[in-house]
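Trainee: Residue numbers (the UniProt record's numbering): 1 to 187.
By construction, these hints were calculated from the structure, which means they are not laboratory data. Since we're looking at a predicted model, the values are computed, not measured. We put the CB at the ideal spot given by N, CA and C, even for glycine. Everything hinted at is true.
DEER-style ranges, computed between Cβ atoms:
no. : residue 1 : residue 2 : range
1   : P3        : E105      : 17 to 25 Å
2   : G54       : G122      : 34 to 42 Å
3   : E138      : K2        : 21 to 29 Å
4   : P3        : A88       : 23 to 31 Å
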Amino acid sequence: MKPGTLVFSWGNPSRGDDALGPLFAEAIEALRLPGVECLTDFQLQVEHALDLAGRRRVLFVDASMEAAAPFSVAPLLPRRDASFTTHAMTPAAILQVYADTQAGEPPPAWLLGIRGERWELGQAISPAARNNLAAAIEWTRTWLAGDAAGLRGAGEDCPSDRRERVPQPDGTKPRRVSGGSSAPPPA
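Hey, can you work out the whole structure from these sequences and the hints?
Mentor: In structure tokens, the structure reads:
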């Protein structure tokens, strides 16, 4: 039986702050939390839709140029978008592929966008991004334990409107999103 929670991150460790996704997965994996599986890749592919089968909830994690520091969290809904036919898909497109191929609703999913600053090949992770990563890991530890505000049991008999209750680091509630952007909701 698969662990109920999937933490799926992606990014390129050779491109500065784009390493945030893989570094995040390494840190969460090191916690050895029961019921949690971490996967990481360079980019999302259509085959990753199969990794969602049998999950109660999914947290997609990526570095973001648009997220407010230190990070943003937004619920995701299935959506076919232009990435559907490319090699680099959005989390929403992965959810849509799951819905299309598994003839059912995908598990509740969220996008955690960790703010990054530099993306050049060969650069190390920036000090600001390292701090943002630490904040995202701490928030996620609480979320995975089920103690984040409004998230106890998220993904277990979770009505779709509960997806809107994921708090941001600053305590504000994000609006529903269906794309892959991790930008915070407009004020």
